[in-house]
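Trainee: Protein sequences, first through last, are from chains H and S. Each residue of the first sequence is one higher than the one before, counting from 1 in the working numbering. Each residue of the second sequence is one higher than the one before, counting from 1 in the working numbering.
Because the hints were derived from the structure by calculation, they are not lab data. On a predicted model such as this, the values are computed, not experimentally measured, just so you know. Virtual Cβ for every residue (Gly too), placed ideally from N, Cα, C. Each hint should be verified, as a subset may be incorrect.
[Unchecked claim] Chain S regions said to be covered by chain H (calculated; three or more residues, Cβ under 8 Å):
hint, stretch
1, 21–27
2, 65–74
3, 79–86
4, 96–107
[To be verified] Simulated DEER-style distance windows between Cβ atoms:
hint, chain 1, residue 1, chain 2, residue 2, range
5, H, Val70, S, Ala108, 34 to 40 Å
6, S, Trp87, H, Ser58, 24 to 30 Å
7, H, Trp223, S, Leu86, 55 to 61 Å
8, S, Glu70, H, Met240, 48 to 54 Å
9, H, Gln236, S, Trp87, 56 to 62 Å
10, S, Gln122, H, Met122, 38 to 44 Å
11, H, Lys271, S, Ala102, 24 to 30 Å
12, S, Pro120, H, Trp267, 39 to 45 Å
13, S, Thr10, H, Gly213, 43 to 49 Å
14, S, Ala65, H, Leu228, 49 to 55 Å
15, H, Met122, S, Glu70, 48 to 54 Å
16, S, Arg162, H, Arg3, 54 to 60 Å
17, H, Val33, S, Glu70, 58 to 64 Å
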Amino acid sequence: MLRKLMKHEFRATGRVMLPLYLVLLVTALGANVSTRGLLESDNRMLDLLGMLLVMAFSFALMGVCLMSMVVMVQRFYKNLLQDEGYVMMTLPVSVHQHIWSKLIVSAVWFAATVVMVLLACMVMAFDAYAIQDLFRGFGQLFRDISQHLTAYYTINGTAFFAELLAVCFLGCCVVCLEFYAALAIGHGFPNHKMAWSVLWFFLLQFATQFLGGALIVLLDESWLHHLLMGWTDRIQFSGMGAVHLMMGMLIAGELVYGAVFYFLTTWSLKKRLNLE
Amino acid sequence: MAVLECKHLTKQYGHVTALENLNFSIEPGHIVGLLGPNGSGKTTLIKLANGLLTPTSGELLVCGAAPGRETRAAVSYLPERTSIPLWMTTTQLLDFYQDFYADFRRDAAEEMLQHLNIRPKQRVKQMSKGTREKVQLIMVMSRAAKLYLLDEPIGGVDPATRDYILSTIIGNYDPEAAVVISTHLISDVEKVLDEVLFINQGRLVLQSSVDQIREEQGVSVDELFREVFKC
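Just need the whole structure built from these sequences, with the hints factored in.
Mentor: Listed below in structure tokens is the structure:
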């Protein structure tokens, strides 16, 4: 059922995101043409057109980033808490499957947005000589890596890359879940549902920052500081070991935040759902 | 086994009691009218049966189980408002129902849509309000469910559409299933009902078969409703 939910989720979001990506690439092409000639033209009209094309690219860039966030929040709100909720929340699927389908699809769109933004920037800066230089540079880099690559760096590099992916995926999920939790709690109230949701978002944000701040304070000359120092004094860390420890701590932190928001979201949808 | 059963069911919204100590059961093979004035608790009861709300106390069972993922596969629910995703085309909507419900009869749905001249590529948001309601009803009635819960299926539509809706319900429900129709437009649905449940201010006032009302009291359901709920 999760696969089916994701299929329809991609259908619903793809009709917004894919045309936006197309617009981004077209404006990137326009901006490229503009920087390669129009802006240096003596003709004032062409100069103005070039400026407008560059501006259009900037707006498209901001729009795509903004929309990937907006679509993520709007889908949860409209699909589960508004009229569509009567259809979705009576499907023979669990609340967990609903949330995971939305989380995975949102994370995929976030990743696709990053790729498309990079691609658009490359299109905008495209220059035959620059691309040749770029490929030459990459070729040299790979040659250097293959010459100096040892099992130690291969294993640690792969592990670091996997950890980085996990941190990014979990980060996307935590951001989504904070919005989902606030919306789900807010929509359990009989009236002023959106106002309650906004209030809960700020409350969760405040709690998150307060706890984060408290942890940083605790790390400075406190029992926790001494405890951690005691542990680390006894263990000899290599450079890569310390990196893995830091990444592990980041993943653990994200898991804790995510688990709290996930619990709040599922509990609200199961016990306090009150569709209008 | 009863397809829908309430045992001392109570639902409160804060200090407001929407349903109070409801006790009744509905057997398969019946078309039941859930009748009561506005605000009597009909929609709350249907939402509870769909698991969209949780009871404050008491128990509600659908096919012997508390509402949840399993019972949803056996219940076909028509909400009070149009809830099918507006961005979908008719084909996408058919795909959607087929994907999630094993008992969805796509052929029957396609035939009914064709009868209404609805194009497969037409988006729901391009349809009129009446057509959207018909499409939603077609999706709901194209399932071979054990229990159909229809919340105000004929509210806010013209008389011709009411006739279409009622004939679609009668022509498509599984005779082994139970159909619960919630409404306050008694005269329109009376002809299709086997049994009625009168609800007022969250309490069950009457459960009786339509024939029994006519034979024993010598009045129609509409006349009895007007008498019971006289202001």
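Trainee: When the structure is checked against the list of hints, which entries are broken? Sort them ascending.
Mentor: 1 and 16
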